[in-house]
Every structure is written in structure tokens, then in C-alpha cells.
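Chains as they are written, first to last, in our numbering: chain A, -6 to 78; chain B, 4 to 267.
Read the hints as simulated data drawn from the structure, not as lab findings. Glycine included, every Cβ here is placed at the ideal spot set by N, Cα and C. Please note: incorrect hints may appear among the correct ones.
Covered, in the sense of this in silico footprint (three residues per stretch, anywhere, with C-beta under 8 Å from a C-beta of chain A), are these stretches of chain B [to be verified]:
{"hint": "1", "region": "50 to 57"}
{"hint": "2", "region": "79 to 88"}
{"hint": "3", "region": "151 to 160"}
{"hint": "4", "region": "245 to 255"}
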Amino acid sequence: MSFRGTSLKDGVKMAAQDGMAVVVNGEERRFAPGVTVAGLLEELGLHPRMVVVERNREILDRERYGAVEVQPGDALELVHFVGGG
Amino acid sequence: MGEGTRNGDRPLEIAGRTFRSRLILGTGKYRSNADMVRAFAAADVEMVTVAVRRVDLDRTKEEGILYHLDPEKVFLLPNTAGCYTAEEAVRYARLGRAAGISDWVKLEVIGDQATLLPDVAATLEAARTLVEEGFKVLAYTNDDLITALRLEDAGCAAVMPLASPIGSGLGLVNPYFIREIKRRLSCPVIVDAGVGTASDACLTMEQGVDGILMNTAVAEAEDAPRMALAMKLAVAAGREAFLAGRMPRREVAVPSSPRAGMLA
């Protein structure tokens, strides 16, 4: 996966060329290589009990957040419950 | 008749779980979370619906509904609102289940953006898949008897025909079909969507259905907690009236006071 041409989101500490690109909720974000799902959630300020993580279309068991390393190019969906009828 | 006991009513039972309240509320569109919480207390609800959506990564705090509701106190029913295909609805249902609260889902597959009417073929397809995966499926559907029968055959825990389109507040447009669905199905029938005010809720319950699910009628009332109370009373009144068995309709007047004993 090429990092060229990717834009920096506000609040992302790393420079554009650093880290690996991951698509989180449809937006490309950069994270340190080797980051676990738990680490990624923490970096985003999310409580692991409050979200469900889908990685490349597969729901990830909450118990595995600490063990699963995010891979470059992964597509993650982080969802939660919101108001609805 | 035969639904209640002489001293009251049996509780609403869905998939082996019992509920005192026959009113289910949505959690969408309230002016504030505080308003919503007050409304739920006023209505004394035991089950509320929630939607599954992406976390807003720029506002990760205090946004999720779980910051305002205690799943120990109120049973959360995740929905698949906003889904237009069976595949999409199944995906949302699985995400809702992965939250770890239950394996219940309010299945909703929309077929048309303008009316939000359900795609009944896709609903049926998704229902079959989800039942096979062990979900307790409460399926939102049209006021169509045949679809309702098919959803029951598919193993749905409850079938939820609409009173009128979602968010319309038009009330119960087809009491006869709702009555007929209730008469023919063995699983609980919960009327979902379309109720606008308390009289709509009462009239709906008078048809003999097992409960009502509503959101907008309460959330968009000027005083949501007060409307929630009105709905609680209306659902209870309609239920009691159904159990009591109404008098026959007559096209002639019949005096309530004796004809005999009038002065000469």
C-alpha cells in the first residue's frame, strides 16, 4: 500500500509518511505499525466496552482486542449504539 | 377473549422473556438525553430500541446511548434501521449482537425512501438467515397478513406490522388488517410505527395486539415525558378495553334509562 498522497487528519500526531494507513469508519488514518486493536481504540479515545469492531468485514471478539494487531490497509468499522426507533 | 385472567392480564411474553409493560419506546430524536431518560421513567418502559451506527471519531465521548441508559434496567433492542438489503440488515444485526447485550434484533429492511415502507421479500430473507444464526427476531413489516404469516413461519419471535408509515403520526390506518394479523398469528404481534398520539395507541391496543413500539410520537411531543405517560395510560386503557370486550356497535339508539315508570 502506498502512503503517497494521503492527507493528514487533525489530531494525528505522526507525519503523513509515518506509520501505516488504516481505513477507520471510511476515513484513512495512520497508526504505528504493530498497534493492537486495543491500542488503536485507546488512541482514538474509545472505551473498548462501548464499541464493536468489525475488521475487514469480520466482527472481532472483544477479548481479542489486545491480541490482534492491525495490519496496513485494514478496513475497520467502529460502531456503537445510538438513539433510534 | 381468554387473553387475560379475571384479576388482570398475563404479562407480554416474547421469546421466553416477560414484560409487564406493553409499550416499547425508541431512543431516537429526543431533544436531549435527559428528556429521553425522563420519558422512559414516565412511561415505565422495560424495553427500548437502539440503532447501530459508526462512532464519530471526532466526538468519541458522551455520544453513545449507553452513557445514558443502563442495560441492566432497560432491555435494549438493537434495530437494523436504515438498511435497504437483507445482507446489510444481517450485518447490522450481527454488530448489534456483538455488543454483548442479547441476541435480539428488531429487523427492519426498508424498501422505499419516501414512505420507508418495508421490503417484505428482503425482510423475510434476512429473518430466515438471522433465525438460523440463533437471533430472536422481531420483524417490522407491512400490515399484510400473508407476510406476517410467512415471518411467523420463518421463526420470528414477534411480528411487528405498522400502524402507518414510520414517523408519520397518521395513526392506525387499517384496524381490520391489524386485527386479522393478530387473530391468525400465534406469536406476539407488536404494532410498530405510525402512532401519533394517545388515542392512536389506545385504538391500536383495542384491536387485541400484544403491544406497541413507538418513537416519534413521544420524542417529538412538546413535552416528551408527559406524552410518554399519556402513552403508558393509553396502552393500558386500550388493553383493558380489549380484555373487557366492547359492546356491539348498533346503528340505532337504545336508551340507558328505563322506558317504564315515566309520569303520565
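message: Run through the hints listed earlier and report the numbers of any the structure violates, in increasing order.
response: 3 and 4
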